[in-house]
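With the hints as a guide, bring both chains together as one complex.
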Amino acid sequence: MVINSIRDGIVIDHIQAGRSLEVYHLLELDRLKCSVALIMNVQSRKMGRKDIIKIDQEMNVNLDVLGYVDPGITVNYIKDGLRIQKLHLELPEELTDVLFCKNPRCITSTEQELPHIFRLADRERRIYRCVYCETAGKH
Amino acid sequence: MRSVLNITDLSASEIDSLIDVAGAIIDDPAAFSDKCRGKKLATLFFEPSTRTRLSFEAAMYELGGHVIGFSEAQSSSAAKGESVADTAKTVSCYADIIAMRHPKEGAPLVAAKNASVPVINAGDGGHNHPTQTLADLCTIKREKGRFGGLTVGLCGDLQFGRTVHSLISALVRYEGVRFVLISPDELRLPDYVREGILEKNGCPYTETGDLLSVMPELDVLYMTRVQRERFFNEADYVRLKDSYILTPDKLERASADMIVMHPLPRVNEISVQVDDDPRACYFKQVLYGKYMRMALMLMLLGL
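As they're listed, the protein sequences go chains C and F.
Heads up: the first sequence at position 104 corresponds to 104 in the working numbering, and the numbers run straight through without jumps.
If you want the working numbering, it's the 1-based position in the second sequence plus 139.
The shape of chain F in the complex, shown without the other chains (with noise of 0.2 Å):
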């Protein structure tokens, strides 16, 4: 019994995978509608997610199967103070599967210990999210064609930003694959990360404080949200939130090929006229999302 809590617990082909599985629900999804009847996905989110919550469950419906949970933890046992272990051995009898989201990072490394079934984990405080580094890797590949060789800029938060952690685990894995890290220096890429993943692979980057500077080299641009919940100071979260805003100026700078990519939800940081540019690839994001979802989930119901 599998479960996955970090991009990482996939290995490149298993990733390559599940994208030509998400192609192949996208070419035929009429194929896949009854892939998961009988099963019970459990979503526990115990803080709120709209997207990846919704993802999940429509990925579930999608493959014919049934979805149970709670949207808060407000409205779970862990309001009564019911341990993490605790939940994923009772959700255990009832699911299948379990997709979880909690604010304390760590959380479902301890549910998948102690559950019977396979758990995804779908974001644990500014650790990690890897359905939505699915969800990024599955737009690189269909809107790029290859992920080697690309020159990957990541902006915005790069020190609470657990997307931004996850893509770059898992990216690292490519030949030829460059980071340009664009961030405040208060919100500059943790050592864990730079250290623990950039550097022990080998992998080169560069960090500046300047977008506009480095648009131009990019093939890639991953934008991030300065996220209110992850600071402890407001008077921080307002001096830093519109360091980096994307804009059809801006973009003007970059090349005719490059995509811009967001986890969303955005709040500010790329002005709606960007929507309208063919290089605004962030809802198709969402999109393939719950494709990769789709895939995750049969492969580890063994489906």
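Pulled out of the complex, with its shape left as it was, chain C reads as follows (with noise of 0.2 Å):
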């Protein structure tokens, strides 16, 4: 199976078999003008298989949903038909509306305008707590 090089724009690489729909969607690349090529179940020496999103244009990506969704992700910027930087990821800090917070009881479901803040708890065990009332964030 062939894919074309994209001349100018960005390869988000290393993700996880089966989860670049769910990078698509978080990263909102279905409101983009521009070609978006998902390329899955492809064969990884390191991965054994992973899937791969290529974006036929730049933009500035959203690298905490990225690192969040999967800290081995990388993404890497093409310009002129070459990769002018790749980026490692790792888990965020903070997240601003990634996560949305479900507790009846906490601010933020009564004043809708509240951005939905978590922070990072706990890293080995990937656990992000609404900054508001420390629930925990399921994704």
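Source of the hints: derived by calculation from the structure; they are not laboratory data.
Errors might be hidden in some of the hints.
[To be verified] List time: in silico DSS-like cross-link candidates among lysine-lysine, alpha-carbon distance up to 30 Å:
hint, chain 1, residue 1, chain 2, residue 2
1, F, K178, F, K283
2, F, K423, F, K174
3, F, K219, C, K102
4, F, K228, F, K179
5, C, K138, F, K252
6, F, K280, F, K174
7, F, K339, C, K102
8, F, K219, F, K178
9, F, K389, F, K280
10, F, K389, F, K179
11, F, K219, F, K174
12, C, K86, C, K54
13, C, K138, C, K46
14, C, K33, C, K54
15, C, K102, F, K423
16, C, K79, C, K33
17, F, K280, F, K339
18, F, K252, C, K102
19, F, K380, C, K102
20, F, K339, C, K138
21, C, K79, C, K54
Values in this document were obtained by computation on a predicted structure and should not be read as measured data.
Set out below in structure tokens:
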């Protein structure tokens, strides 16, 4: 299966196999006007199988979202057909409007304009807690 | 400009110093009676409270300052749909310091982010209640003489009991403190406190449903009310509210120098016959609470 290289854009690589559609929605790539390729279940020496997303335009990628979904993901920026930057991600310290607090007693349940902010409480277990009520976030 | 939303916003040494200031006020109240002259405290109470609101108000009056505010959401602009952020910005124009109680967890944080004066969390839902914890800590320090090495029994509603969560956060910082968590299964300590505070700090604890069997090992017994307003289901409340009632009979099993504490108000979880026992400290707690609120306001106002 052949997917053409992109000239100017972004390649999101090393996505765990099967999770590219989740990344596609979280990054709201469906709103873009350019071509976006989801390449799924590709053979990988490092991972066995992986997914890749190719975006055919330059854009600001929400690295916090990607780091939260999977800190193993890499983001490659392509210019004139060449990779100009490769970013390795890590679990972000804080997430804004990625997780949403479900606690009915939280102030965010009544004040709709407040941003839903979660902070990393336990890196090992990847637990984020709402800054307002400390409820653990679930995606 | 600094706010206190969680007891952990204060370091252990700051708490020690607040307890010292409270002690100085107890020894010589006249020396502090003019410290807040010209200052105004706004008490923004979006849900009913007798003790905490009156304690804050008495504290400010005893420091020579003034008090403005409201005691229920219906008499504030919240009834018209005003946001917490807007209320905080508005009240900052009138007052030098804010004490806020709100039924929604995190509301005081929103207020603190938007106010231009210090905000004190006077209780947010089932979440935090740092000034109650200051009262509790002052009581323990003055009655037991120390924090380190104490075995502290927490009994009743440990799930929704915000005073319990704040007290645990404060006491885990002291060497050798051990907790005995006494509650029905339905009202056990939430994971974020058990794992996020007790286990994270390596603080030893045991959980039990049987108050009587653990009584002899306790230095402090902290009773809590099973609160009707924290339940979504009335039947659950009725079934659980009488789970743990302290009576003189049960207290016979306790050591002679154990102290009994309660954040109040009580319903029936401590029998009134216990009030005459010298180990009953819950009304002293109320008094210490006022002195600690005085000390805290002095600190936050830089006086």
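The hints, checked one at a time:
{"no.": "1", "hint": "F:K178 to F:K283", "in the structure": "violated (35 Å)"}
{"no.": "2", "hint": "F:K423 to F:K174", "in the structure": "holds (24 Å)"}
{"no.": "3", "hint": "F:K219 to C:K102", "in the structure": "holds (25 Å)"}
{"no.": "4", "hint": "F:K228 to F:K179", "in the structure": "holds (15 Å)"}
{"no.": "5", "hint": "C:K138 to F:K252", "in the structure": "holds (25 Å)"}
{"no.": "6", "hint": "F:K280 to F:K174", "in the structure": "holds (25 Å)"}
{"no.": "7", "hint": "F:K339 to C:K102", "in the structure": "holds (24 Å)"}
{"no.": "8", "hint": "F:K219 to F:K178", "in the structure": "holds (28 Å)"}
{"no.": "9", "hint": "F:K389 to F:K280", "in the structure": "holds (25 Å)"}
{"no.": "10", "hint": "F:K389 to F:K179", "in the structure": "violated (46 Å)"}
{"no.": "11", "hint": "F:K219 to F:K174", "in the structure": "violated (36 Å)"}
{"no.": "12", "hint": "C:K86 to C:K54", "in the structure": "holds (14 Å)"}
{"no.": "13", "hint": "C:K138 to C:K46", "in the structure": "holds (29 Å)"}
{"no.": "14", "hint": "C:K33 to C:K54", "in the structure": "holds (13 Å)"}
{"no.": "15", "hint": "C:K102 to F:K423", "in the structure": "violated (39 Å)"}
{"no.": "16", "hint": "C:K79 to C:K33", "in the structure": "holds (19 Å)"}
{"no.": "17", "hint": "F:K280 to F:K339", "in the structure": "holds (24 Å)"}
{"no.": "18", "hint": "F:K252 to C:K102", "in the structure": "holds (22 Å)"}
{"no.": "19", "hint": "F:K380 to C:K102", "in the structure": "holds (27 Å)"}
{"no.": "20", "hint": "F:K339 to C:K138", "in the structure": "holds (21 Å)"}
{"no.": "21", "hint": "C:K79 to C:K54", "in the structure": "holds (13 Å)"}
Checked against the numbered hints above, the structure violates hints 1, 10, 11, 15; every other hint is satisfied.
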